[in-house]
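Based on the hints, put chains D and X in the right spot on chain B.
Protein chains in written order, with the numbering used here: chain B, 1 to 180; chain D, 1 to 237; chain X, 1 to 649.
Rather than coming from a laboratory, the hints here were simulated on the basis of the structure.
Be careful, since some hints might not be right.
[Said to hold, decoys possible] Which residues of chain D face chain B? A partial, calculated answer using Cβ under 7 Å: (1) Cys-97; (2) Pro-98; (3) Ser-103; (4) Tyr-113; (5) Met-118; (6) Thr-119; (7) Asp-123; (8) Phe-126; (9) Asn-128; (10) Ala-212; (11) Pro-224; (12) Ser-226.
[Stated by the list, open to error] When the alpha-carbon atoms are kept at most 30 Å apart in a straight line, the in silico DSSO-like pairs for lysine-lysine are as follows: (13) X:Lys-557 with D:Lys-52; (14) X:Lys-391 with X:Lys-19; (15) X:Lys-557 with X:Lys-527; (16) B:Lys-168 with B:Lys-55; (17) B:Lys-55 with B:Lys-8; (18) X:Lys-19 with D:Lys-161; (19) D:Lys-180 with X:Lys-391; (20) X:Lys-557 with B:Lys-142; (21) X:Lys-573 with B:Lys-142; (22) D:Lys-174 with X:Lys-557; (23) X:Lys-527 with D:Lys-172.
Please read these numbers as outputs of a predicted model, since none were measured by experiment.
We put the beta carbon where it would ideally sit given N, CA and C, even for glycine.
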Amino acid sequence: MNAPEKKKLRVATCSLAGCFGCHMSLLDIDERILTLLEYVEFDRSPITDIKHCGKCDIGIIEGGLCNAENVHVLREFRENCSILIAMGACAVNGGLPAQRNSLSLPEILEEVYCSMANGIIPNDPELPLPLNKVHPIHEVVKVDYFIPGCPPSGDAIWKVLTDLLAGKQPELSHELLHYD
Amino acid sequence: MAKTFTIDGKVVPFEEGETIIQAARKAGVYIPHLCYHPEFKPHGSCKLCTVKVNGWQTASCTMRAGENMVVESNTDELNSERRTLTQMLFVEGNHFCPACERSGECKLQATAYDLGMMTPHFDHFFPNRAVDASHPDWMLDFNRCILCSLCVRASRDVDSKNVFALTERGIKTKLIVNSKSGKLGDTNFSVTDKAAQVCPVGVHIRKRRGFAVPIGERRYDKAPISDLSHEAAVEVK
Amino acid sequence: MSNNQSESVTDVVERVVAKHGRDATYMVQILREVQEVMDWISPEVMDELQAALGVPRTKIEGVAGFYSFFYLEPRGRYRVLFSDNITDRMLGNRVLLDRMCSNLWVEQGKLSEDGLVSVDTTSCTGFCDQGPAVLVNNVAITHLTDERIDQICDLIREQVPVVDWPTEFFEYQDNIRRKDLILNSNIAPGEAIRAARARAMAPSAMSLGRGDHARAEVESLRMRALSPVECMPATHENPGGSVTLISEMRRSNLRGRGGAGFITGLKWEACHNAPLKPGQQRFVVCNADEGEPGTFKDRILLNAYADLVFEGMTVAALAIGARRGFLYLRGEYRHMKDHLEAVLSRRREQNLLGENILGVQGSEFDIEIHLGAGAYVCGEESALIESLEGKRGTPRNRPPFPVTHGYLDQPTIVNNVETYASAALIMIMGGEAYSRLGTPKSAGTKIHSISGDCERPGIYEYPFGVSIAEMLEDCGARNVQAVQIGGPSGVLLAPSEFDRRVGFEDVPTAGAFMVFNNGRDMFEVAKNFTHFFQHESCGFCTPCRVGTSLLTNLMDKLDSGHGSPYDFNEIEKMNQLLLSMSHCGLGRTACNPVLHTIAKFRHVFDKRLMSDDFVPAFDLDKALAVARQMTGRDDEGAHLKTMVSFGEH
Chain B
1 MNAPEKKKLR
11 VATCSLAGCF
21 GCHMSLLDID
31 ERILTLLEYV
41 EFDRSPITDI
51 KHCGKCDIGI
61 IEGGLCNAEN
71 VHVLREFREN
81 CSILIAMGAC
91 AVNGGLPAQR
101 NSLSLPEILE
111 EVYCSMANGI
121 IPNDPELPLP
131 LNKVHPIHEV
141 VKVDYFIPGC
151 PPSGDAIWKV
161 LTDLLAGKQP
171 ELSHELLHYD
Chain D
1 MAKTFTIDGK
11 VVPFEEGETI
21 IQAARKAGVY
31 IPHLCYHPEF
41 KPHGSCKLCT
51 VKVNGWQTAS
61 CTMRAGENMV
71 VESNTDELNS
81 ERRTLTQMLF
91 VEGNHFCPAC
101 ERSGECKLQA
111 TAYDLGMMTP
121 HFDHFFPNRA
131 VDASHPDWML
141 DFNRCILCSL
151 CVRASRDVDS
161 KNVFALTERG
171 IKTKLIVNSK
181 SGKLGDTNFS
191 VTDKAAQVCP
201 VGVHIRKRRG
211 FAVPIGERRY
221 DKAPISDLSH
231 EAAVEVK
Chain X
1 MSNNQSESVT
11 DVVERVVAKH
21 GRDATYMVQI
31 LREVQEVMDW
41 ISPEVMDELQ
51 AALGVPRTKI
61 EGVAGFYSFF
71 YLEPRGRYRV
81 LFSDNITDRM
91 LGNRVLLDRM
101 CSNLWVEQGK
111 LSEDGLVSVD
121 TTSCTGFCDQ
131 GPAVLVNNVA
141 ITHLTDERID
151 QICDLIREQV
161 PVVDWPTEFF
171 EYQDNIRRKD
181 LILNSNIAPG
191 EAIRAARARA
201 MAPSAMSLGR
211 GDHARAEVES
221 LRMRALSPVE
231 CMPATHENPG
241 GSVTLISEMR
251 RSNLRGRGGA
261 GFITGLKWEA
271 CHNAPLKPGQ
281 QRFVVCNADE
291 GEPGTFKDRI
301 LLNAYADLVF
311 EGMTVAALAI
321 GARRGFLYLR
331 GEYRHMKDHL
341 EAVLSRRREQ
351 NLLGENILGV
361 QGSEFDIEIH
371 LGAGAYVCGE
381 ESALIESLEG
391 KRGTPRNRPP
401 FPVTHGYLDQ
411 PTIVNNVETY
421 ASAALIMIMG
431 GEAYSRLGTP
441 KSAGTKIHSI
451 SGDCERPGIY
461 EYPFGVSIAE
471 MLEDCGARNV
481 QAVQIGGPSG
491 VLLAPSEFDR
501 RVGFEDVPTA
511 GAFMVFNNGR
521 DMFEVAKNFT
531 HFFQHESCGF
541 CTPCRVGTSL
551 LTNLMDKLDS
561 GHGSPYDFNE
571 IEKMNQLLLS
581 MSHCGLGRTA
591 CNPVLHTIAK
601 FRHVFDKRLM
611 SDDFVPAFDL
621 DKALAVARQM
631 TGRDDEGAHL
641 KTMVSFGEH
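So that you can see chain B by itself, here it is in the shape it has in the complex (with noise of 0.2 Å):
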């Protein structure tokens, strides 16, 4: 790790379409959170409260896209941060939101609303409208790196960082490439 001493990176981390597993996994590092924190400061995070993304030397992403917040998240990221990474199954190919492209939106939705629920489905404007089908992130905008695994480990997430702060080709080994 030779990045400069003066000038930290700011990472931004978000969960989409997914279960904050991954985030989850990030705080397995351990103790060497406080040894990035030494090259990083966090911008927007579930760590910081941030609400917006704001220019970022990394930006992680954890989650699919499944409605249109997501998109706009997303491209919020993608303007902003120098380096996107899709982080975890549901970034990488979709994941277990993505189970649901089998069925059409309509069966979805009066599954859910109406046949369970008894209700109608909802159309308040606050709440963002599901997409058509469920989609990894590097379908809508550019990724330049991925870390598999559902969750993908914390030694792994800690690798690709480590290397990407080391200005090296992030790369897995067999025991830290996984795809479940």
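Frame of chain B, contents of chains D and X only:
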């Protein structure tokens, strides 16, 4: 003196009639493959085992070894193209590893790990394929089918049952079973069939026995697929 | 071709299966003939076939599912297929298709509600010089106009059987515009066979060089060692005869006319020399699966020069020692089958086919016509053989090659229609004389199918070496922007290259020549060809099966204005992969149209690059349309832009 050829500079002996991949395996050289299985007539369709023979690319499972052939296999160029093939297979079907009973035992997954596939890269096709759970003991999850035809060959050549076949063509090519209803439960398929033991991915699933081996102890958790010690292991689920 | 109500499913299947000797090797023929009566391969048909043939249902379903012209779902009593080559598009086929669909109240690709009719597109049907064209229940109708479309709709609505439609509908032209060696030939039936016999009977020394002579002697010994049944009957009197004929072919330097240009004499020699196991024999196959879009010269050869083609096949049989031959006729040319069967019958009566040909005891050869069922890939010789064997048309792993392991694993030559026509003439004129035609590496003449933007589309025969410019001049092409030679898998030439010449040295071609004037959008051409390859990919190998779909998606993405330099790199990458990893030529050439268009007409792509940044392939706002409809929302938050400008990063 046995006849020999070289793979990536290593001298490999072969017997007349052997394919490149057969000779390579005996010599302890791993060549990635998915539709190849040592017990069956080679199919040559997945193209993962493509190598360069004297500069020309060809599938090593169907090309016979020849005296003094110069074979390249473990090169950045070939591995990059093989990685692209695995990416194609991942986006063509629905491969959701976290929920797959065969995760950790799956050759597609293990091969993709070995080739360093970090992302499926292409836009997903998200095809709509039904699961066939009609058989009392067996399930077919077509979402994971890579059309290797191993179960087709096993059922035809070993079980003499012809339970499986491929139909349609192009991107619509799909696996079907031999019954009017199209359901496995209406065929003479049996869990003891050879066809039940050869799926490299997670199409063929024994019911009520998912996730039997804990994560960390599954076949390809322990060693990468390129470690040929797997080759000796008996293919049993 | 309409459902004969008096015959039950069982009767139909039994009749057809019995006709083909209950042999599942005839699966494609059986399915085709059953469907011609039943209109589709229903589950009941499948039941009956399974019982009658004693094969697994999967085998029947696997084969039926492979070919475009077999229907596993009802497609109506009238099945209209619009030829959808780029030349048909240029002649306005889409407008006519829409007209027919709205006239008949049917959606493209779907069966009409009354179950009467379906309307869809199909790959090029070989009438590019007289399009737009359709196939209605296997019969071709060309020169379509609004008026004719409306007439067809009326006939369908009134349920008039296709056989009773006005005969002028089914008239089509040969449009032969320039004749040379082949098209000028006017040989009497049997002339080439007699000439070949004479050559085979001639003293070896007279026609062979020293090396060949020595080889002939070895050959003579080898032939004597074989049992009489395995020898070519015609060569009983002169065991070196085969070698003489093959030498003549080699002297001619004739190269295969299907595109690859393999030396015909070498192919015949390899097949002739291939060892036979007990009970095996050699086969002659004529590849009339003329599926390369823009090619229709074989249609003319089979229509007007069928004797010459069959003569060539018979000569080949004489040379390699074969008793059986097949003409593999593409399904789209079903309408020529009766004519060809009539020619074969006449030739049998004339003692030019069958037993004791031209009175020579034991000289035996006959030809069967096998029909394809809508699969371009069957033009590849090993896929064609698979299809002949009643299987899915998947190209085989090679080696071994068909010359040693072909039809039913026995030595087989597969040659193009035009190759056999040329071979017949070579027997008459001699290889030496033939080799002087054309250019040093491309002997003889080549027949071209010219279509697209020109005054006189049709058939043109030239000696090899003719320049593109000369051909354009002859066919009356003006303001030419580009010529696609050899079909989608061939090459695209820009005006700066029109001085190039046809031949294996420069511009090889299987015979398609499509002209595009300055008014045409070359992107549309490339996109059409890309869709063609995707539709025709057999699906056997991963790179072609998935790659042609990815490529099609990329082209559609560019077409919808969502392209960026990122997609350009993807196309380049896809091309490299298909070239190096594909199982057969289809995959290896599938990227050609796009690559050639990028190389020579870059501006048509640039015009479609709307953004420097990555753009999604799908329309994001459209992806919210269903949700908008379900919620009744139309506020700002209920919309997304597909393209956004990110400024710089």
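Hint check results:
| no. | hint | in the structure |
| --- | --- | --- |
| 1 | Cys-97 | holds (4 Å) |
| 2 | Pro-98 | holds (4 Å) |
| 3 | Ser-103 | holds (4 Å) |
| 4 | Tyr-113 | holds (5 Å) |
| 5 | Met-118 | holds (4 Å) |
| 6 | Thr-119 | holds (4 Å) |
| 7 | Asp-123 | holds (5 Å) |
| 8 | Phe-126 | holds (4 Å) |
| 9 | Asn-128 | holds (5 Å) |
| 10 | Ala-212 | violated (15 Å) |
| 11 | Pro-224 | holds (5 Å) |
| 12 | Ser-226 | violated (9 Å) |
| 13 | X:Lys-557 with D:Lys-52 | violated (34 Å) |
| 14 | X:Lys-391 with X:Lys-19 | holds (19 Å) |
| 15 | X:Lys-557 with X:Lys-527 | holds (11 Å) |
| 16 | B:Lys-168 with B:Lys-55 | holds (22 Å) |
| 17 | B:Lys-55 with B:Lys-8 | holds (13 Å) |
| 18 | X:Lys-19 with D:Lys-161 | holds (28 Å) |
| 19 | D:Lys-180 with X:Lys-391 | holds (20 Å) |
| 20 | X:Lys-557 with B:Lys-142 | holds (16 Å) |
| 21 | X:Lys-573 with B:Lys-142 | holds (17 Å) |
| 22 | D:Lys-174 with X:Lys-557 | holds (26 Å) |
| 23 | X:Lys-527 with D:Lys-172 | holds (20 Å) |
Going down the numbered hints, you'll see the structure goes against 10, 12, 13, while the others check out.
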